[in-house]
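Read top to bottom, the protein sequences are chains A, B and C. If you use numbering that gives the first Met the number 0, the first sequence corresponds to residues 0 to 313, in order. If you use numbering that gives the first Met the number 0, the second sequence corresponds to residues 0 to 313, in order. If you use numbering that gives the first Met the number 0, the third sequence corresponds to residues 0 to 313, in order.
Hints are computed from structural coordinates only; laboratory data are not their basis. Just so it is clear, CB atoms sit at the ideal spot from N, CA and C, and this is done for glycine as well. Some clues are possibly wrong.
What the hints assert, rightly or not - Listed next, with one range per pair, are the computed distances between beta-carbon atoms:
1) C/27 x A/102: 53 to 61 angstroms
2) B/80 x A/103: 41 to 49 angstroms
3) C/62 x A/14: 48 to 56 angstroms
4) B/78 x C/123: 18 to 26 angstroms
5) B/226 x A/16: 47 to 55 angstroms
6) C/227 x B/108: 18 to 26 angstroms
7) C/114 x B/226: 29 to 37 angstroms
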Amino acid sequence: MVQHLLTTNELKVEEIYQILEDAERFSQGLFWKPEKQMYTANLFFEASTRTKSSFEMAQKRLGLSVIPFEVQTSSVQKGETLYDTVKTLESIGVDTVVIRHSQDRYFDELVENINIPILNGGDGCGHHPTQSLLDLLTIKQEFGSFSGLKIAIIGDISHSRVARSNADALTRLGAEVIFSGPEEWFDYHSLSTSRFKPIDVAIKEADVVMLLRVQHERHQKMGSFTASEYHKKYGLTLEREKQMQPHSIIMHPAPVNRNVEIADSLVECERSRIFKQMQNGVYVRMAALKRSLESLGGGNQYETAYSERKIYSI
Amino acid sequence: MVQHLLTTNELKVEEIYQILEDAERFSQGLFWKPEKQMYTANLFFEASTRTKSSFEMAQKRLGLSVIPFEVQTSSVQKGETLYDTVKTLESIGVDTVVIRHSQDRYFDELVENINIPILNGGDGCGHHPTQSLLDLLTIKQEFGSFSGLKIAIIGDISHSRVARSNADALTRLGAEVIFSGPEEWFDYHSLSTSRFKPIDVAIKEADVVMLLRVQHERHQKMGSFTASEYHKKYGLTLEREKQMQPHSIIMHPAPVNRNVEIADSLVECERSRIFKQMQNGVYVRMAALKRSLESLGGGNQYETAYSERKIYSI
Amino acid sequence: MVQHLLTTNELKVEEIYQILEDAERFSQGLFWKPEKQMYTANLFFEASTRTKSSFEMAQKRLGLSVIPFEVQTSSVQKGETLYDTVKTLESIGVDTVVIRHSQDRYFDELVENINIPILNGGDGCGHHPTQSLLDLLTIKQEFGSFSGLKIAIIGDISHSRVARSNADALTRLGAEVIFSGPEEWFDYHSLSTSRFKPIDVAIKEADVVMLLRVQHERHQKMGSFTASEYHKKYGLTLEREKQMQPHSIIMHPAPVNRNVEIADSLVECERSRIFKQMQNGVYVRMAALKRSLESLGGGNQYETAYSERKIYSI
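With the hints as extra help, turn the sequences into a complete structure.
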């Protein structure tokens, strides 16, 4: 059966661990390629630098050939549906597609009749499983395990693709998740209110301070705040950073609004894992692609151990 | 002499058969590559998913390296002419270009001084030779030969790049072509009126029901019809499909307007060759590229028979 | 230390000669590749055909893998800064970036914390070092050396990225540079007025007539001239071409405004090196990339002499 990667929620704990383990091995120089030449396409219906270029890098490191696809110059402009677009790519021989789309659960209309694996690069305000997985990898590299950790997810929770799926996955993996930020952006319906804490408490208690991006492009306006008010009230200011525990780390999915969610000078400070997260994004996507391509059968893919010539070192 | 592929009309019958034969061999796993690394570029001045991605796939399967070109970020924005753009690509070492352009016969101003093969990916309302060739390949795969077949081309004939060239090629190959659809979209000047038949007659008689896309983007409005009126009057409805002969097939160049030219549920029905056409598009374009690249001389390209490791299976 | 290529001015004379020599060897078939797979990205925030496709070609000839980046579909649309964009690409494993940006000296904010080489593909009205180097290569191929040559740079000097840096480099290499064109476009502040000459004098004296593009996109209007007035007053007309010395050549960075800077029929005349310049652009960019990639260490790159199989012939 074809292995899509659509949401973190549908991954069993052992599947999450398998992906993280493969990603870790890729970070150490694992060399894996499909036996025959395979083709892929990246359909990004929303702007992206990190996710798109990270998938491209992962695909190229696995030796996949990427068929370019740009929404603005495609037949989507003539009204072609997402289903027909993906079916077309399947027909011409594309083996797997990555899709980002503004519609929540766009993939529900695809999975029945599309016979190639779909990797979700973000759907609406819904899911972003590879972002979630790279966050998990970054935390695991730092602390070895998830059990007993306290993760504070802070900011625009209602619009965040990762807040909910990260919370779910982290809890299943044994961590404790607390939320903070503007209460009006907190979703009382789907998240237990008992875990909402004031920002200064959250920051003191957390092993991981995970900031979320204020998504100007999804808000009509930035709540009732100016950028500097948001920073003062809910951002990681220089003062708040000093309240963090010595071993605690800072994460952010980026792109960062500097001096809004986080003080400019903290983006690359010693605690920050923000660019490390991006690095890990490549390894996690290599692992996710490997999982999906292996599900296509064949099974003759070869794999060699990390050699002294570190081919995949970043 | 450099072998362009500009129109189907200028291809001799034996050239058509040669391309179809090569395409058929590619579909069976023929492996062909130019001896030295060759470079190509795809200049699409109009939106495309199928043609562009199909050419990209064909190029990659032949081992060509594709130099990206996007109209919106090119010097075309500074007023550079098509000729100077193509001459530039020739100068930097591109070996062959694919062009789609809204101007009828855009290539007339190029062929004199451009010394690399041009493959026409569609010009205005004029020609689209690789679409025509993939239609021919699909028919040939189905029926073995063209002689005695009856092909009904139905729909927006006046704006169709392929209606006229398909009609010409099919007639030369021994098939009989009939037209149907709205009479106001039928071109009495360039096509014999004697071959125009009412839709319900055409569908009963045809071995191949070839539907054409209603090109919203070329019409000011969709004639005097709404979409559902068009479907009822000229579309392949569920009722009309039942009138087709048992062995007859459905074709459409896509993108399909579902429930306009054809009922939604027929797009992937057993008779439909719509996605098969797309698959064949890759093989036909591989054959067309091979023909053009061979014309550049060298002749040392290597070719191996289909091996048990089916490299080009789609 | 990482070797950027930001401006021609900062290159020492011996560095210029080294790049030209490598470029010349690439034009003769030198084969050079980095030992391990390397990755690159081209960030063009302004339209380009020549520079972008020429860099792509150079990258592919060196075996680099290109990670696509399109400004309009990137997180730049969400307000991400240039620094964060480049840092992201560095984080995911890109080894070198090419950047064109409308801001003068955009690179000043990058060089401190970016640890991969930046190749400047043009900044504002400032610099365009690879254009400058390809001009130098074209002149050197023609005349063997620079000493004693007279180069007339004619046209829109104030907006030209190359006028100033070409003038500087050519003077340092032993050539004499004179300027001509509309006096109102001449920059009396930064260029010595003593070298400004009327167009008909400049054209008679010059060994190289280097025309500059009238940059409609940077001017509010084309000075006080219509296109045909400009051509008559400051363009290379058919009559003026006859006044050139028998051995003199014509250059232009392109895209050419035909019948503005130069008469249409002279663009591809015997004296013209305009398309030769584009060809040389690939070799110069290969040399510049080689220089930057070698600065990343490793040093195990292999290099083979020109073999009978001329791999890099254009």
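Each hint, compared with the structure:
1. The given range of 53 to 61 angstroms is respected by residue 27 of chain C and residue 102 of chain A, whose C-beta atoms sit roughly 55 angstroms from each other.
2. Hint check: residue 80 of chain B to residue 103 of chain A, Cβ distance near 45 angstroms, so the stated range 41 to 49 angstroms holds.
3. Restraint check, residue 62 of chain C to residue 14 of chain A: a C-beta distance of roughly 36 angstroms breaks the suggested window 48 to 56 angstroms.
4. Here the CB-CB span from residue 78 of chain B to residue 123 of chain C is close to 20 angstroms, well matched to the stated 18 to 26 angstroms.
5. Between residue 226 of chain B and residue 16 of chain A the CB atoms are about 51 angstroms apart, so this pair conforms to the stated range of 47 to 55 angstroms.
6. Between residue 227 of chain C and residue 108 of chain B, the C-beta spacing of about 22 angstroms keeps the proposed range 18 to 26 angstroms intact.
7. The beta-carbon spacing between residue 114 of chain C and residue 226 of chain B, approximately 56 angstroms, falls outside the hinted interval of 29 to 37 angstroms.
Hint check: violations occur at hints 3, 7; the rest are consistent with the structure.
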